[in-house]
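**Student:** Chain by chain, the residues:
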Amino acid sequence: MKLIVAIPAYNEASIIGSVIERIPSTLPGIREILMLVIDDGSTDATAQIAEAAGALVLSHPLNGGVGVAKVTGFTVARQLNADITVTMDADGQHDPANLTTLIAPIISGEADIAAGTRLKDPTGMPTIRLLGNRTMNALLRIVWGVKTTDSQSGYRAYSRESLEHLEIEASGFEVDTEILIAARRNNLAVVEIPVRTIYTNYSKTKGQSVSTALMTFFRLIKQVITG
Amino acid sequence: MFIAQAIAVFFGVLVTIKSYDEFRHRREPLIMFLFWTGLWIGVVFIALFPHIALKLSTKIFGADAGFGTLFGIVTVFGLFLAYRLYIKAERAERRINKLLTLVTTKDVQNKQ
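If you're matching them up, the sequences are chains A and B in order. FYI, in our numbering the residues of the first sequence are 1 to 227. FYI, in our numbering the residues of the second sequence are 1 to 112.
Simulated from the structure, these hints should not be mistaken for lab results. Do not take every clue at face value.
As the list claims (entries may be wrong) - Facing chain B, according to a computed beta carbon distance under 8 Å, are these residues of chain A, among others:
(1) L56
(2) S59
(3) H60
(4) V68
(5) Q79
As the list claims (entries may be wrong) - In silico lysine-lysine, BS3-like type, Cα no more than 30 Å apart, as pairs:
(6) B/K106 x A/K2
(7) B/K98 x A/K222
(8) A/K2 x B/K98
(9) B/K88 x B/K98
(10) A/K222 x B/K88
(11) B/K88 x A/K2
On a predicted model such as this, the values are computed, not experimentally measured, just so you know. Note that beta-carbon positions come from the ideal geometry of N, C-alpha and C, so glycine has one too.
Using the sequences and the hints given, assemble the complete structure.
**Tutor:** Shown next as structure tokens:
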């Protein structure tokens, strides 16, 4: 099986190299691993460093947002016939050691999407971020009927078939939530896999809070209104 | 009253100058420049000469109507305009996003 690890990155020059280097070169059940960095119009050396670390780098001519970068990643995964696509954040908070358990349900055919969840054991997660995530989870359940413990996790694995069904419009952080809504709409099987989160001073500055959760909610509502 | 008039004149002049500048640099078509200028001349006129505007509105909408009706129509029109602009901006952004992905993923097979 061919695995693409898609990493959307915007001005992550200080950490992108180490994120790529920590990804294992072999995984059980995987024949080929391609590291793909979608440089979302960075103004620093993100693209050059990622390329030097061995990733295939595709650069947006301008900053479109993490949602657009993920759509670009999914498009490339389809073009390059990836059997499994994993999305990871570029800030180093996702532990590559979880890749094996994350892709296992996709390899076995048990699920279309394996969503990493940080909230089965939220130890270390800043309170404000925990509150933001739980707020969004509750809103998602009430409004769209999606049951999840971590609606905003960007650490997920997707089967080739699931990518055929996901039509994403979101351009910002709301993308991960929109994916769950689209998965439910398309009756895709989603399983949650507990993942470890590496909280560093750097990654703590990058996350989402209550305001982001509410912004995400309003953006999703806006999408429904504007069609 | 004077404060309302001053604010209306201030914004009227500001928008007209801005619109003219956009038109001069060919970033705005003539029709839009004329539309915004005309609209703000109307707003400033109502603010400066309310008695004339009241006479006009009574003539157009009848004796029972007055500034209230005029204000209601203008508010509804303003909200409609804002909504249309919002929808158009949203759609434009989505098209740009699609274009970003399209441009970036072009010839990806050769880049691998």
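**Student:** Taking the hints in turn, state whether each one holds.
**Tutor:** Okay, the hints, checked on the actual structure:
no.: 1; hint: L56; in the structure: holds, 6 Å
no.: 2; hint: S59; in the structure: holds, 7 Å
no.: 3; hint: H60; in the structure: holds, 5 Å
no.: 4; hint: V68; in the structure: holds, 5 Å
no.: 5; hint: Q79; in the structure: holds, 5 Å
no.: 6; hint: B/K106 x A/K2; in the structure: holds, 21 Å
no.: 7; hint: B/K98 x A/K222; in the structure: holds, 18 Å
no.: 8; hint: A/K2 x B/K98; in the structure: holds, 26 Å
no.: 9; hint: B/K88 x B/K98; in the structure: holds, 15 Å
no.: 10; hint: A/K222 x B/K88; in the structure: holds, 13 Å
no.: 11; hint: B/K88 x A/K2; in the structure: violated, 40 Å
The earlier numbered hint that this structure contradicts is number 11, and it is the only one.
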